[in-house]
Amino acid sequence: MSAVTLILMVIALLGALVAVSVRDIVHAIFGLAGALLALAALFTTLGSPLVGAMEVLIYVGGISVAMIFAVMLSPHVGRDLRETPARRLGAALIASLLFAGAALAVLSGPAVPDTPEAAGAFDPALVGHALLGDWLLAFEVLSVVLLLAIMGAVIIATREPPAPADAAPAAEEARP
Amino acid sequence: MSAALHPASAPALAQALSTPHSLPHTAADLVAQPWLASLLGVGAIMAFLTLNVLFLIWAERKVSAWIQRRMGPTEVGPYGLFQTLADMLKLISKQLITPSHVDRPLYLLAPLVVFAPVVVAVSLFPFAPGLAVTDVDLGLLLVFAFAGLGIIGIFMAGWGSNNKYALLGAMRSVAQNVSYEIPLILSALAVVLLASHPEGVTLEAGTPSAHTVPLLGTSLAHITLAQEAQGYWFVLVQPVAFVIYFVAALAETNRAPFDIPEAESELVAGFHTEYSGMRFAMFFFAEYTNMLVVSMVATVLFLGGWDGPLLPGPVWFFLKTYTLLFGMIWVRWTWPRLRFDQLMRLCWGLLVPVAILNLLGAAVLAEVL
Chain A
1 MSAVTLILMV IALLGALVAV SVRDIVHAIF GLAGALLALA ALFTTLGSPL VGAMEVLIYV
61 GGISVAMIFA VMLSPHVGRD LRETPARRLG AALIASLLFA GAALAVLSGP AVPDTPEAAG
121 AFDPALVGHA LLGDWLLAFE VLSVVLLLAI MGAVIIATRE PPAPADAAPA AEEARP
Chain B
1 MSAALHPASA PALAQALSTP HSLPHTAADL VAQPWLASLL GVGAIMAFLT LNVLFLIWAE
61 RKVSAWIQRR MGPTEVGPYG LFQTLADMLK LISKQLITPS HVDRPLYLLA PLVVFAPVVV
121 AVSLFPFAPG LAVTDVDLGL LLVFAFAGLG IIGIFMAGWG SNNKYALLGA MRSVAQNVSY
181 EIPLILSALA VVLLASHPEG VTLEAGTPSA HTVPLLGTSL AHITLAQEAQ GYWFVLVQPV
241 AFVIYFVAAL AETNRAPFDI PEAESELVAG FHTEYSGMRF AMFFFAEYTN MLVVSMVATV
301 LFLGGWDGPL LPGPVWFFLK TYTLLFGMIW VRWTWPRLRF DQLMRLCWGL LVPVAILNLL
361 GAAVLAEVL
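Respectively, the protein sequence lines represent chains A and B. Take 1 as the starting number for the first sequence in the numbering used here and just add one per residue. Take 1 as the starting number for the second sequence in the numbering used here and just add one per residue.
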C-alpha cells in the first residue's frame, strides 16, 4: 500500500467521521463531500479513473449539491439537529452490516487478476457498450427509479402545510 | 484545416497515432520522476493562470472602457498593462478581516474550495498535439466534474459568512449553476456524438503513411483530432449547440447578464461580500480562471482546438480561446442583468428543450456523416 493510498484513506475516514458526528448539518454535508472526493482519488490511484470521475461528477458534484439544495429549501435548518442515541446506534449497525456484507461478497468472489485485461474492463467505451447493450433494461429501470424518487419528493414537498418562511427557488416557481 | 498544413506538429502527432488512447508526450514523459513532473506541471499551470488573470482583468477594464467611450487604465505601465499587478500587490498587503460570528471553518475553506477545482480542470487541456499536463480519455467528463465543484465553495462562502446578502447570493448561484449545467452538458454531448469514431478515422497528419485510429468522444485530444480528420470545425455543423453552450457558460461563470449571484445593485457583492484581501482575490482568480476553462472547452468542442493553418497549435488554441473570452467581456458590458425568473425561464423554457432537440438532431447527423 503506497503512502498516497494511505493518506487518501485517512482523509476519507476523517471526512466520514465529520459527516456522522458534527451537530451542524451543513458541516456534515461538507465532511461527506470531502470523504467522497478522497474516495474518488482512491479509485483513480487504484486503477479505475472512470469510477473516480463518476464519483466526482455524481457524488461530490451531484449528491452533495442536492443535499445543499435540501438545506436551502428547508424552512428551518437545524444547526442542532441530532438523532437520538438509539437511532444513531441503529444506523451505525445497519451501515456496518451492509459494509460487512459487501466486503464478504467481494472477498469470497473470484480474485480479480492484476493484468492489463482486467484493468481494461473499466474502459469507458466498454462500460458504455455494456450499459446501453446487454444491460439496457436494467439501465432504463434505474431511470424509472430516479423518476419515482423525484415524484415522491414532489409529493412530500407539496403535502406539508404552507411553509412559514418562503424558500427562494420554490417560491419563484409557485408564483403564477 | 487539414492537419497536414502545420508540419511542426506532425512528429508528435505521428507518435500520438501509434498509441490510440493516449498521447505520449505529456509532461510526465519529459521528466523521469512522476512527482517532479506533476510539480512542474502544476507550477507551469499556476504561472500561466496568474498571467491569464492579470491579463483578463486588464482586458475587462480596457474593453469595458472602449465600449463606454472611456480610456480605461492608462497610468501603470504601457497602456495601463501593469494596473492589475499593482492591484494584486495591494490585495496581498491588505489585512485579512474575518468578521465576527462567521462559521470559521467554512468561511476560511471557501476560497480554497472555489479555487482548487478550476486549476485541476485547466491541467486537463491539450494545448497542442501531445502538449498537456495530464491527458486522459475522460478529459471532457473530468473538466465538467471539476468545474461543477466550484458551487460547493460558493455555497460554503455564502453560508459561512453569516450575512444575508452573501447567503442570498450563494442560494441564487447554486440554483443557477445546477440549472444551467443541464443545457451546458447537453450541448457538449452533441459534439461528443459527432466526435466518437469507434471504428476509427484516417488521419494524414503530414506523415508518410496514413493511420487509422479509433477516436473517443470524451477525450479532449480526440475531439480535436476528429475535427482535423473531418476537415471542418464542429461549430459549422452544430451552431445551435455552440450558442447554447456559450449562453450556459456565461451563466455557469456567473457573468453578466447572468451575474445575479453577485448583483451589485441589490446584494452588495453576493457570496463574497464578507471577504477581503487575498481571500477576495482568490474568488476573483477562480472566477476569471473559470471563464478561461469554459472558453477552452468551447475551443476544443466547437472551434477545433489547436487545429489551424500555418501557425503552431498552441497559438491557434489561445487565439480562439481569447477571442471567445473577448466575446464574454463584450456581452457583459452590452446586456443588462436578467431577473431571477427570467433567468430560470430562459434555461428551462428555452435552452433545455432546444438542447434536447439539438441532441436528437446530432444523433441523426452522426449516423449520416
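Just so you know, these hints were derived from the structure itself, not from any lab. Quick caveat: nothing in here was measured; it's all calculated off a predicted structure. Here a beta-carbon is modelled for each residue, glycine too, at the ideal position from N, C-alpha and C. Heads up, a few of these hints could be off.
Label pairs and their calculated CB-CB ranges [said to hold, decoys possible]:
1) A:I156 with B:L112: 45 to 55 Å
2) A:G47 with B:S100: 16 to 26 Å
3) B:R104 with A:V145: 20 to 30 Å
4) A:S21 with B:L36: 35 to 45 Å
5) A:T158 with B:P105: 32 to 42 Å
Consistency of beta-carbon spacing, V145 (chain A) to R104 (chain B), with hint 20 to 30 Å = 40 Å, violated
query = Given a hinted range of 35 to 45 Å, is it respected by the beta-carbon distance of S21 (chain A) and L36 (chain B)?
reply = Distance hint for S21 (chain A), L36 (chain B) holds at roughly 39 Å.
task = Using the Cβ atoms, figure out if G47 (chain A) sits within 16 to 26 Å of S100 (chain B).
result = 48 Å, violated
inquiry  = Against the range 45 to 55 Å, how does the distance between the Cβ atoms of I156 (chain A) and L112 (chain B) compare: consistent or not?
reply    = Hint violated: Cβ distance 35 Å, outside 45 to 55 Å.
key: Verdict for T158 (chain A), P105 (chain B) (Cβ pair) under range 32 to 42 Å   = Taking Cβ atoms as reference, T158 (chain A) and P105 (chain B) lie about 35 Å apart, which means the hint holds.
Hints 1, 2, 3 from the earlier list are contradicted by this structure; the remaining hints agree with it.
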